[in-house]
Each structure stands twice: as C-alpha cells, then as structure tokens.
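Trainee: Keeping the supplied structure of chain S fixed, place chain L upon it in accordance with the hints.
One line per chain: the protein sequences are S and L, in this order. First residue of the first sequence? That's 1 in this note's numbering, and the numbers climb one at a time after it. First residue of the second sequence? That's 160 in this note's numbering, and the numbers climb one at a time after it.
You may find that some hints are simply not true.
Stated by the list, open to error - Reference excerpt, derived from the structure (chain S facing chain L, CB under 7 Å, subset only):
| id | residue |
| --- | --- |
| 1 | S61 |
| 2 | L76 |
| 3 | Y83 |
| 4 | V86 |
| 5 | A87 |
| 6 | L90 |
| 7 | G91 |
| 8 | G113 |
| 9 | V114 |
| 10 | L142 |
| 11 | G146 |
| 12 | I153 |
Stated by the list, open to error - Reference excerpt, derived from the structure (chain S facing chain L, CB under 10 Å, subset only):
| id | residue |
| --- | --- |
| 13 | L64 |
| 14 | L75 |
| 15 | V84 |
| 16 | H109 |
| 17 | Q111 |
| 18 | V116 |
| 19 | D120 |
| 20 | K128 |
| 21 | S135 |
| 22 | A138 |
| 23 | A143 |
| 24 | A149 |
| 25 | V150 |
As the list claims (entries may be wrong) - Beyond 10 Å from chain S on every Cβ pair, some chain L residues (computed):
| id | residue |
| --- | --- |
| 26 | G203 |
| 27 | S206 |
| 28 | I257 |
| 29 | A277 |
| 30 | L279 |
Hints are computed from structural coordinates only; laboratory data are not their basis. Note that CB positions come from ideal geometry on N, CA and C, so glycine has one too.
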Amino acid sequence: MSGSGRTSDDEARGPEARFDGRADRSESGSAASWRSPLGRVRGRGSAKEGVAHWWVQRLTSVALIPLGCWFVVSLLALPALDYVTVADWLGNAWTALLMVLFVLVAAWHSQLGVQVIIEDYVHESGMKTLSIALSSFAHVLLAAAGVLAVLRITLRSVA
Amino acid sequence: MQQTDSDISAPVPERRRPLSPHLSIYKLSRYSLLSSFTNRLTGGALSAGLILLVYWLLASASGARAYARAAAVLASLPLKILYALLLAAFAYHLVAGIRHLIWDTGRGLERTQSQRSAWLVMTIALLLAILACYWAFFLRSRAS
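So here's chain S without its partners, still in its complex pose (with noise of 0.2 Å):
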C-alpha cells in the first residue's frame, strides 16, 4: 500500500530517483534488491570508494604511459650504468623530477593493482585486511625511499 505513493513520487524525480528506491521494493518480489540488509548495514558495496579505486587506477595508467616509456628508453640509451654516468644522470634536474614522478605514480598503481589481486586470491576476511595493509605499507616504503634517493642525488649534485 506504500508502494502506490512512492511510485508517483519517483515519477516526480525522474529515473535516477526510481532506480535508486529499487533496493526498498523487495516486497513486490519481482524487482527485488541483490543487496542483503547486513551488506547495507555494514556499508559494502559498490557505491562506497570503489569507483575512486578504478577512476585513480585508470588515471595512473595514463600518466604511466609517457613516464614509463620514458625511464625504460631513457635507461635502455645511458651509454653505460656505471656509478658516475647513473648519478651524473640522476642528478639532472630534469631527470630527477621525472624519476619522481615515475616513482610515485608507479607506485600507487602499484598498491592499487596488488590490492585486487589480493582482494581476488585471499578469502579469509582478516588474511585479506592484513595482506592489503602490508601491500599499502610496503608500497609506501617504497614510494619514500625513492624519492628520498632521487632527491638526495639531485641536490647533492647542486651543491
């Protein structure tokens, strides 16, 4: 009997509305909700941070394409890898704000790629929150000494 009154409301809203007020039509059997009420409950759900996941992973890969293309190609013409031609390297201004960049974008796609695989593979819901903090603290890591490398190398080679 509610049901009649909110269906002329949604009308009123306009589509977005009815599509949304889906999940409270379960009584009507036929166009039940997929979501259970402890899933809404305790917030899961596609509509909480997982298109901010896919739009970030989506706008790293972007920026990855030039960055990447650039290190390997930058790496694969340095006429050797000896300590003076990398540091000489390194320690270009140029050079240095791209490495950092490579590095930071590189990881935090990264930390975001590993985190479905391990949302994928690991079942048990403890396991899963471990291995994704300890993905996210060592991707961290990483990000922080390579900066910190790159930044050592270009300002020592100012001063």
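Mentor: Same frame as chain S, now just chain L:
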C-alpha cells in the same frame, strides 16, 4: 513459498544472490581471458620490479662504493634474465593497458573485436619486447 530479501534470518544461498561467472566457464583457448590474466601477471611482476628500481636508486644515492657493491648483485646473470622478463612484462602491460583504456571508452568490446585485439596486443608486445631486449643486451654491450 517465496523467500524475500528483507528476511535477514534466511541462509545466504537462499537469498538468490547473483554469482559472477566462475573461471571454469570460460574457454582458455579463447585468447581474451588469457590476455586479461597475463595483464595481471605482468602487473604483479612489475610491482616486484619496483623493489629493484628503488634498491638501485638507493645505491646510487649512497656513493660510489655502495653503488659498486650493489652493481655486483644487480649485474649478476640471474638478474639479467629477470631484466629481460621485466622488459617483456613492461611491453605487454603497456600495450594491454592501452587496450583496457580503449575498452573503458566503450569501444572494441564485441567478441570478435576483443579476440582480434588480443592477438594484436600479443604481437605488438612481443615485437617491443624483442626490440627492447636487443637494445639492452646486444646494442649496449657493443657500445661499451
């Protein structure tokens, strides 16, 4: 008797939840699935490669003697093989990633299209990998 969604006491399977198709439903011979798995695999390999990159950067930042010590490890044969694999992984992940970005615009999702692009990705990635490895292991050693 029909089970309704609001019945919280119902055991989970009775709530008619949709299941994503299990892996075994796909044919591996259809190259599309394999290409998706390879993208994940190469991504994981590149994540591990990030450790080597940061180790190399830290060594470079720690002076000539520390660099020489790290270089002895980094230039060893097992790691050289690993670099070849990482170059191949990068080539594949790059090309397959671009394919994913094109998919995200809604293009190329038809079955015949995705099967064709899967082969295209594999071919381009293989060529890039061969080119990069040739550059890294033959051109460079001749120059130095």
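Trainee: So, for every hint listed, does it hold in this structure?
Mentor: Verification of the supplied hints:
Taking 7 Å as the C-beta contact cut-off toward chain L, the hint placing S61 (chain S) at the interface holds, the least distance being around 5 Å. Look at L76 (chain S): its Cβ gets to within about 5 Å of chain L, closer than 7 Å, so that hint holds up. Hint status for Y83 (chain S): holds, given a least beta-carbon distance of 4 Å to chain L, under 7 Å. A cut of 7 Å between beta carbons decides the hint on V86 (chain S): the least distance to chain L is about 5 Å, and the hint holds.
For A87 (chain S), the interface hint holds, since its Cβ comes within 7 Å of a Cβ in chain L; the closest pair sits about 6 Å apart. For L90 (chain S), the suggested interface contact is upheld, since its CB lies about 6 Å from the closest CB of chain L, less than 7 Å. The beta carbon of G91 (chain S) is not positioned within 7 Å of any beta carbon in chain L (closest approach about 9 Å), and the interface hint is therefore violated. At about 5 Å, the closest approach between the beta carbon of G113 (chain S) and any beta carbon in chain L falls short of 7 Å, and the interface hint on this residue holds.
The restraint placing V114 (chain S) at the interface with chain L holds, with a minimum CB-CB distance near 6 Å, inside the 7 Å limit. Hint on L142 (chain S) holds. Least Cβ distance to chain L is approximately 5 Å, under the 7 Å limit. A hinted interface residue such as G146 (chain S) counts as satisfied when its beta carbon comes closer than 7 Å to some beta carbon of chain L; here the least separation is about 5 Å, so the hint holds. Because the beta carbon of I153 (chain S) sits about 5 Å from the nearest beta carbon in chain L, less than 7 Å, this interface hint is met.
Evaluation of the L64 (chain S) hint against chain L yields a held restraint, the C-beta minimum of about 8 Å falling below 10 Å. Because the smallest distance between the Cβ of L75 (chain S) and any Cβ of chain L comes to about 8 Å, under 10 Å, the interface hint for this residue holds. For V84 (chain S), the interface hint holds, since its Cβ comes within 10 Å of a Cβ in chain L; the closest pair sits about 8 Å apart. For H109 (chain S), the shortest C-beta to C-beta distance to chain L is roughly 9 Å, which falls under 10 Å, so the interface hint holds.
At about 8 Å, the closest approach between the beta carbon of Q111 (chain S) and any beta carbon in chain L falls short of 10 Å, and the interface hint on this residue holds. The beta carbon of V116 (chain S) is positioned within 10 Å of a beta carbon in chain L (closest approach about 8 Å), and the interface hint is therefore held. With a least beta-carbon distance of about 9 Å to chain L, the hint placing D120 (chain S) at the interface is held under the 10 Å criterion. Taken as an interface hint, K128 (chain S) does not check out: its beta carbon lies about 17 Å from the nearest beta carbon of chain L, beyond 10 Å.
Because the smallest distance between the Cβ of S135 (chain S) and any Cβ of chain L comes to about 9 Å, under 10 Å, the interface hint for this residue holds. Given the 10 Å rule on beta carbons, the hint for A138 (chain S) holds: about 9 Å separates it from the nearest Cβ of chain L. With 10 Å as the threshold, the beta carbon of A143 (chain S) comes within range of chain L, its nearest partner Cβ sitting at about 8 Å, so the hint holds. Proximity of A149 (chain S) to chain L holds as hinted, the smallest CB-CB distance being about 4 Å (cut-off 10 Å).
A least Cβ separation of about 6 Å between V150 (chain S) and chain L falls short of the 10 Å threshold, and the interface hint therefore holds. Listed as outside the interface, G203 (chain L) is inconsistent with that label: its C-beta sits roughly 6 Å from the nearest C-beta of chain S, within the 10 Å cut-off. Not every C-beta of chain S lies more than 10 Å from that of S206 (chain L), the closest at about 4 Å, which undercuts listing it as non-interface. With a least CB separation of 7 Å from chain S, I257 (chain L) falls inside the 10 Å interface cut-off, contrary to its annotation.
The claim that A277 (chain L) lies off the interface holds: its Cβ sits roughly 18 Å from the closest Cβ of chain S, which is beyond the 10 Å cut-off. Taking the minimum C-beta to C-beta distance to chain S, about 17 Å, the non-interface status of L279 (chain L) holds against the 10 Å cut.
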